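Asker: So the sequence lines, in the order shown, correspond to chains Y and U.
Per my numbering, the first sequence runs over residues 1 to 217.
Per my numbering, the second sequence runs over residues 1 to 217.
Quick caveat, the hints were computed from the structure, so don't treat them as lab data.
Keep in mind that this is a model prediction, so the values were computed, not measured.
Be careful, since some hints might not be right.
Heads up, the list lumps identical chains together, so a pair's fine if it works in one copy or across two of them.
[Claimed, not checked] Calculated lysine-lysine pairs in the DSS-like style (CA-CA distance at most 27 Å, straight line): (1) 18 <-> 166; (2) 176 <-> 216; (3) 215 <-> 88; (4) 216 <-> 18; (5) 215 <-> 18; (6) 18 <-> 101; (7) 176 <-> 43; (8) 215 <-> 82; (9) 216 <-> 166; (10) 176 <-> 215; (11) 44 <-> 215.
There are 2 protein chains.
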Amino acid sequence: MKIAVLGTGMVGETIASKLVALGHEVKMGSRSANNEKAAAWVKKAGAKASQGTFADASAFGELLFNCTLGTGSIEALEAAGKQNLKGKILIDTSNPLDFSKGMPPGLFTPSNDSLGERIQRAFPELKVVKSLNTINANVMVEPSRIPGEHAVFVSGNDAEAKRQVKQLLTEGFGWKQVVDLGDITTSRGTESYLMLWLRLWGALGTPDFNISIVKKG
Amino acid sequence: MKIAVLGTGMVGETIASKLVALGHEVKMGSRSANNEKAAAWVKKAGAKASQGTFADASAFGELLFNCTLGTGSIEALEAAGKQNLKGKILIDTSNPLDFSKGMPPGLFTPSNDSLGERIQRAFPELKVVKSLNTINANVMVEPSRIPGEHAVFVSGNDAEAKRQVKQLLTEGFGWKQVVDLGDITTSRGTESYLMLWLRLWGALGTPDFNISIVKKG
């Protein structure tokens with residue numbers, strides 16, 4: 001499958017490399033066609049890897065990953081161009097982290113909104129599925145780094161889009177506990193959870209952790 | 001031990017009953033000395049149970065539980081009177097849920113503040129330990145309702161206060177996975193998690209669930 005990964009940071013590179021390893025053709029998108037980090041990744045990742053602008057990558061991909069920083073996600077998708085987004089699934093891994101008031105960051109969305117919703121509202125031609133935003137990049141693509149079953153969430157308005165994303169998460173990335181929270185407004189839940197995730201990282205001393213959902217039998 | 005439980009709702013009643021069952025003397029506090037819900041609880045809970053105003057209960061308790069609604073917590077503690085709070089541990093189970101904009105609720109604190117911090121700032125004479133605010137009342141006092149190990153969190157500035165609260169949580173309530181997140185600012189993490197908890201409740205169809213923290217071995 002042809003997949004666009006928007007963003008050249010740790011999350012973008014980790015997901016893009018995993019997708020190539022799974023046999024997909026991946027174009028990494030960034031602001032410029034000759035981004036240095038994207039070029040370094042393409043060189044390392046081999047023949048199925050390529051790079052381009054946000055628009056190039058989005059035109060190429062049948063499926064899109066948003067791995068840009070939350071502060072730049074809307075702008076990146078605007079640069080991608082609506083004609084290149086139309087009818088496509090966007091797996092949105094971003095978080096609305098606000099570093100402007102110091103560390104640890106807060107959220108730049110209020111608790112009755114979310115970045116997932118903002119993206120869906122701004123780009124109704126996309127089928128946005130919020131996912132993978134609650135774990136560290138390494139865990140996203142290799143959940144077996146952490147023992148036992150633990151959770152990844154999906155939020156989105158389109159049932160068929162969520163079905164396809166769940167299939168990639170389970171069969172591709174190896175996730176076992178995929179929890180469908182509901183429509184895109186449930187992104188508020190997973191994005192707010194980052195506020196706990198950041199403190200757990202501090203308390204546990206490693207980002208290699210996750211939560212498992214346990215319920216009364 | 002003499003314990004005050006401030007609040008007559010489901011959380012207050014459940015915690016107060018558990019504390020009586022553990023052999024403690026418990027005074028349930030509310031706005032009025034003859035609150036009907038408190039009276040019904042006292043009648044049911046027996047000789048170690050009593051009721052009074054927020055001030056009566058706080059004067060009585062060597063340890064205090066805040067089980068009031070988040071919107072009324074500061075006011076309840078003001079009514080309790082600073083002289084009745086001085087030097088005492090307050091286990092704060094409240095959440096800053098904002099029901100004013102419809103369901104599900106948001107939070108009335110921004111992500112760079114928390115109700116736990118607001119209480120600690122407003123009442124520096126208290127040793128505030130935020131805890132138990134991430135689970136349903138029944139699970140708070142009976143974690144074995146849910147199979148396996150799962151997490152309860154503590155946040156607070158006073159190490160000795162947290163040690164005593166942890167002891168009550170483990171030896172009294174039966175908790176096995178008590179995670180110390182750090183100082184009272186880490187309340188932001190557990191209070192924000194409520195935004196995910198509410199959606200998990202919807203997705204799972206029961207409030208009898210919790211999260212377990214799993215990390216790389």
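Asker: Under a CA distance limit of 27 Å, which applies to residue 176 and residue 215: within one copy, between copies, both, or neither?
Answerer: So residue 176 and residue 215 pass the 27 Å test inside a copy (16 Å) and across (16 Å) alike.
Asker: At 27 Å max between alpha carbons, let me know whether residue 215 reaches residue 88 within a copy, between copies, both or neither.
Answerer: For residue 215 and residue 88, the Cα distance exceeds 27 Å both inside one copy (35 Å) and across copies (34 Å).
Asker: Up to 27 Å between alpha-carbons, please classify residue 216 paired with residue 18: within, between, both or neither.
Answerer: For residue 216 and residue 18, only the inter-copy Cα distance (20 Å) is at most 27 Å; the intra-copy one is 35 Å.
Asker: Within a copy, between copies, both or neither: where do residue 216 and residue 166 come within 27 Å Cα-Cα?
Answerer: So residue 216 and residue 166 pass the 27 Å test inside a copy (24 Å) and across (24 Å) alike.
Asker: Up to 27 Å between alpha-carbons, please classify residue 215 paired with residue 18: within, between, both or neither.
Answerer: between (32 Å within a copy, 21 Å between copies)
Asker: How would you classify residue 44 and residue 215 at a CA-CA limit of 27 Å: within, between, both, or neither?
Answerer: neither (43 Å within a copy, 30 Å between copies)
Asker: Evaluate residue 176 and residue 43 at a C-alpha cut-off of 27 Å and name the case that applies: within, between, both or neither.
Answerer: neither (32 Å within a copy, 49 Å between copies)
Asker: How would you classify residue 18 and residue 101 at a CA-CA limit of 27 Å: within, between, both, or neither?
Answerer: neither (34 Å within a copy, 41 Å between copies)
Asker: Can you give me the call for residue 215 and residue 82, within, between, both or neither, at a CA distance of at most 27 Å?
Answerer: neither (42 Å within a copy, 40 Å between copies)
Asker: First find the shortest C-alpha distance between residue 18 and residue 166 inside one copy, then the shortest across copies, and answer within, between, both or neither for a cut-off of 27 Å.
Answerer: Answer is within: at 16 Å inside a copy they meet the 27 Å cutoff, but 42 Å across does not.
Asker: When Cα atoms must be at most 27 Å apart, do residue 176 and residue 216 count as within-copy, between-copy, both, or neither?
Answerer: both (19 Å within a copy, 16 Å between copies)
Comparing the model with each earlier hint shows violations of hints 3, 6, 7, 8, 11; every other hint is respected.
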